[in-house]
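There are 2 protein chains.
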Amino acid sequence: MAETLKEVGEFGLIRRIRELLEKEGAERSPDLTVGIGDDAAAFKPRPGYEILLTCDSVVEGRHYLPRFMTPREIGRRAMVLNVSDIGAMGGRPRFALVSLGLKKDTSAGVVEDIYRGFLDELNPFGASIVGGNVTASANDEFIDITLVGEAREGRVLRRSGARPGDIILVTGCPGASNAGMQLLLNGLASADNPLVAGYIRPVHLAREGAAVAESGRATSMIDTSDGFLGDLGHVCEESSVGAELILERFPISRSLRDAAALLGKDPCELFLGTSDDYELIITCPPEHVEAVRSAAAVTYAGPLTEVGRITEPGKGVRLLRADGSEEVLSAKGWDHFR
Amino acid sequence: MAETLKEVGEFGLIRRIRELLEKEGAERSPDLTVGIGDDAAAFKPRPGYEILLTCDSVVEGRHYLPRFMTPREIGRRAMVLNVSDIGAMGGRPRFALVSLGLKKDTSAGVVEDIYRGFLDELNPFGASIVGGNVTASANDEFIDITLVGEAREGRVLRRSGARPGDIILVTGCPGASNAGMQLLLNGLASADNPLVAGYIRPVHLAREGAAVAESGRATSMIDTSDGFLGDLGHVCEESSVGAELILERFPISRSLRDAAALLGKDPCELFLGTSDDYELIITCPPEHVEAVRSAAAVTYAGPLTEVGRITEPGKGVRLLRADGSEEVLSAKGWDHFR
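Chains as they are written, first to last, in the working numbering: chain A, 83 to 420; chain B, 83 to 420.
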């Protein structure tokens with residue numbers, strides 16, 4: 083019964099998507115002057131706000147696993163990683179553009195469910211899909227999303243503001259997503275395992291990011307989409323600083339410890355390594371830690387852990403152990419070509 | 083000698099792209115507050131301007147043919163189609179985000195040349211690439227571009243403003259791109275054929291589009307990326323109108339006539355049919371045709387031909403022949419899944 087894209091055609095599909103967005107999407111924002119259905123969308127920017135632009139793509143098999151995820155979960159996941167990027171700058175999502183590369187024998191209903199996944203993440207912000215395109219891809223399906231956000235002028239929080247002496251804070255427990263994926267791929271856990279669930283249905287902390295940025299007390303922020311060490315490395319590189327991490331402070335959850343045992347891995351390596359979690363790394367001077375905590379706590383109930391501090395540049399990222407030994411860590415995040 | 087992406091890695095590639103953009107890209111715009119190298123880019127919108135958003139993706143083999151095109155030409159073509167969309171709304175390009183899906187054995191130099199192609203089209207506008215991502219794709223390479231433009235508030239020109247009685251104008255000779263591609267694929271012409279050259283190195287009319295929009299005299303505008311009839315169909319649908327076209331007025335170029343003979347096709351069918359040219363279809367009341375011509379003529383030296391007029395809805399798009407016969411055309415543009 084399910085109609086394939088070959089049967090409904092590009093324009094038929096676009097019509098169905100438009101209908102779905104009108105019915106199930108957020109109410110049209112008054113500052114959107116041209117929505118879907120033209121060569122480009124248009125909006126009037128709000129005075130006093132900067133515009134944020136981010137894009138991220140996911141490729142079937144590489145970034146999502148259709149055999150373990152429903153189309154709606156695939157859509158949610160693809161949108162979450164973009165929402166997280168906007169939040170990590172201190173902004174709120176407003177408008178999305180979606181490019182899909184789809185096989186001809188994909189059913190139109192599957193595409194609609196992917197869009198429902200997008201809306202699950204956009205609707206709570208009143209954000210809407212204002213454009214995009216669908217194209218045929220012979221082998222690899224892909225989803226590429228551009229998300230446009232806004233942040234109050236002067237409150238955009240960059241990677242490059244970390245200063246020696248700043249405290250390094252991290253939300254939640256990075257590494258969980260990778261551990262969940264490994265458990266899933268190795269048949270060691272099912273969808274009711276919290277790490278597997280976290281991998282399939284990740285949660286962004288965009289509201290917390292925006293609140294922290296608006297507090298004006300943090301010096302830098304980034305989301306952990308490349309893994310804790312990879313992303314802390316980005317902060318160090320862009321801020322021209324080093325960092326020291328205190329191993330015994332790592333917020334290793336019980337679930338991550340259990341997963342590490344099942345996978346035969348060191349839980350600290352899972353914490354540090356490549357993993358596309360959407361936690362936030364935040365730096366701020368010691369005297370502002372409480373203000374940052376208060377800002378995040380309005381919507382966030384999870385742990386915000388001090389895991390180390392920013393140092394002068396030159397020594398890279400060092401790991402300090404309880405026994406006084408230390409190690410220089412090489413900052414390697416998730417690299418798509420290696 | 084050429085290093086592959088597997089050898090340079092994702093972050094190595096990103097570093098090379100950033101260096102190339104700093105060296106060969108447009109000078110950094112003062113309203114860009116965060117450029118490449120963060121979770122998102124940020125800019126301060128100019129007061130009195132609306133923001134335009136468009137995205138379009140091209141997939142290897144389907145939208146571009148690496149065996150006939152250099153990487154730089156592939157980059158130019160992918161950017162031209164986005165620049166054209168911004169121009170067709172009456173805007174000027176400002177910032178681009180680029181997502182690339184690349185095979186691991188692609189050389190980093192090829193990627194740099196694709197980026198040079200992007201810059202060839204962006205630099206003349208002082209527009210810059212402010213973000214994006216690269217990801218591995220196993221089989222099909224793709225380029226997905228989001229282009230952000232701006233247009234003076236209230237001067238954005240939509241598809242939906244055409245009114246019965248308006249004149250339909252078209253630039254150049256749509257259909258040329260498809261004919262060029264067919265000649266190329268069938269080995270009937272080489273790169274010095276003007277239609278083949280036009281297919282490989284298309285030219286946008288974004289400056290003309292912006293000038294026409296700013297004149298305030300046109301009622302609708304669209305670029306012919308789906309083919310003349312497909313795009314006129316979009317205008318009719320969005321404007322809830324019909325159209326009549328006068329066959330003998332079609333601006334069939336000598337080259338298109340020659341190509342039609344070689345391909346054994348009717349030149350008028352090539353003119354009407356699916357083809358990704360980047361000409362503009364413009365509608366305006368009869369008394370404003372001269373003003374529209376004057377606006378376009380500041381930068382445009384090609385033909386701007388009156389090919390028909392907008393009619394009341396209900397009769398679709400009709401083709402009138404010199405012998406008094408007429409035919410209802412079914413508006414079918416380039417459909418990616420058929």
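Heads up, some of the hints might be wrong.
Copies of the same chain are indistinguishable here, so a pair counts whether it falls within one copy or spans any two.
[Said to hold, decoys possible] Capping the alpha-carbon separation at 30 Å, the derived lysine-lysine pairs in DSS-like fashion look like this:
#1 185 with 88
#2 347 with 397
#3 88 with 126
#4 397 with 185
Simulated from the structure, these hints should not be mistaken for lab results.
Here's how the hints hold up against the structure:
| no. | hint | verdict |
| --- | --- | --- |
| 1 | 185 with 88 | both (9 Å within a copy, 27 Å between copies) |
| 2 | 347 with 397 | within (27 Å within a copy, 70 Å between copies) |
| 3 | 88 with 126 | neither (37 Å within a copy, 43 Å between copies) |
| 4 | 397 with 185 | neither (49 Å within a copy, 35 Å between copies) |
In this structure, the earlier hints numbered 3 and 4 are contradicted, and the remaining ones agree with it.
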